[in-house]
Amino acid sequence: MTDVSNPVQAKHDVLIVGAGPAALTAAIYTTREDIETVLYERGVVGGLAAITDMIDNYPGFEDGIEGLKLAESLRKQAERFGAVIELGEVTAIHDEGEYKRLETTDGDKYARAVLIATGSDYKKIGVPGEETYYGRGVHYCATCDGAFYRDKTLVVVGGGNSAIQEAIFLTRFTTHIDLLVRSTIKASDVLQKDLQELVAAGKITVHLNTTTDEIVGKDKFVTSVKATKDGSPAEFTVDGVFVFVGLDPNSIFLKPTPIRLDEIGFVLTDQNLMTSMNGVFAAGDIRSGATMQIASAAGEGATAALKIREYLEGRKHPVQN
Amino acid sequence: MAKNITIFTTNTCGYCHMVKKYLGAKGMTWDEVNLDEQPHRQAEALQLSGAMTVPVTVVTKDDDSQEVIVGYNLAKLAPAVA
Ligand SMILES: Cc1cc2nc3c(=O)[nH]c(=O)nc-3n(C[C@H](O)[C@H](O)[C@H](O)COP(=O)(O)OP(=O)(O)OC[C@H]3O[C@@H](n4cnc5c(N)ncnc54)[C@H](O)[C@@H]3O)c2cc1C
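Chains A and B supply the protein sequences, listed in that same order. Position one of the first sequence corresponds to residue 0 (numbering that gives the first Met the number 0), numbered consecutively onward. Position one of the second sequence corresponds to residue 0 (numbering that gives the first Met the number 0), numbered consecutively onward.
Extracted from the complex, chain A is given alone in its bound form:
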């Protein structure tokens, strides 16, 4: 039994950092095994899946499912079995033997096993104007801010799955989008087909070999984007810019710990999804080698939960000599 009576120094069986698809799936598995589980979420329950408009490749939904709906269903399913979701941030993890101590925005928490499922956040391009016009013409979340661009024009920066998917979503508001792609488009065939239809309809113009150099504005709002296309300067007069150039791992809080990260900052694990700190596991987008999909994040969450159970059983029933 865990002692959750002291809210400041509550001791848990499992504490999961994050409440995205990996975390919520893990919580469904641990709680169904009667393992007391608390999740800490600093942003949106459902993670990046909750801020994605439509998910077409999560198994079991033949017509696709809205990201927010999938997130809600995952949350309800985890809560049905007793998972507790706290709104707050984990800022450090310390190995204190049987219990790990986690510093959170609600004070210190203790857990026998920890699952890091913190995913990643949007990467910035790092050009002049990006910080200045953040939220006033520079955006990273189409489902949040797209509605402000009804009958307006946009630049979308990026050429991967997310950029194409979000550009397609934004056409429901905009009159025209210039898609600036540094090299070539690296998106799935299905997305490229949808993109081609919008290009043919004059809703999107694709600019390959185009780097974004500066976001220019006037009177607090964006007016244009300066770029280099095929080696020559180019300027796009638009009302706003949406940036989707990849993701940065949410692992800053792990840097001072002995938990090993790869050169980019993703968490290294062994075949049991355990990190270099005993009893601390990682699953989903934050894990080095992850395939960055909701289905695989959910799969890793389930695997991690089963490995955590084995780990806890080893602790509760140590092998007798």
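Hints should not be assumed to be uniformly reliable.
[As the list claims (entries may be wrong)] Residues on chain A that point at chain B, a partial pick, calculated with CB under 7 Å:
(1) 53
(2) 63
(3) 68
(4) 142
(5) 143
Think of the hints as simulated: they come from the structure by calculation, not from any bench. Values in this document were obtained by computation on a predicted structure and should not be read as measured data. Quick reminder that beta carbons are idealized off the backbone N, C-alpha and C, glycines included.
Given chain A's structure and the hints, the job is docking chain B with the ligand onto it.
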């Protein structure tokens, strides 16, 4: 105590959902302005927040002073509605 809370939202915005979830868990009520349904009120949200984003939460206090919270920001939202 908050006398009145208004949240500017859109249908697809996950962070809007979190603001409503937080206030709901505290037993609070609010007026919602859904900008997908009332696009003409966008300018109002922009004027209040200075940003082209949702959620925008406007908390009117007992003394009629107003606090505007842009985005899902618990560090600001929690004390504003306490
Ligand atoms: C625009 C876009 C479109 C996408 N479309 C698809 C798609 O169609 N199909 C698909 O399969 N995948 C898609 N993906 C990828 C998919 O969203 C991710 O692979 C999936 O959400 C990863 O799940 P996760 O649980 O590992 O991490 P996340 O979903 O990133 O969740 C991690 C959570 O941890 C929280 N967190 C981080 N640090 C802390 C901390 N210190 N303390 C507390 N909480 C913390 C974060 O706030 C976040 O909510 C898309 C991604 C993007 C960006």
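Which earlier hints can't be squared with this structure?
1, 2, 3
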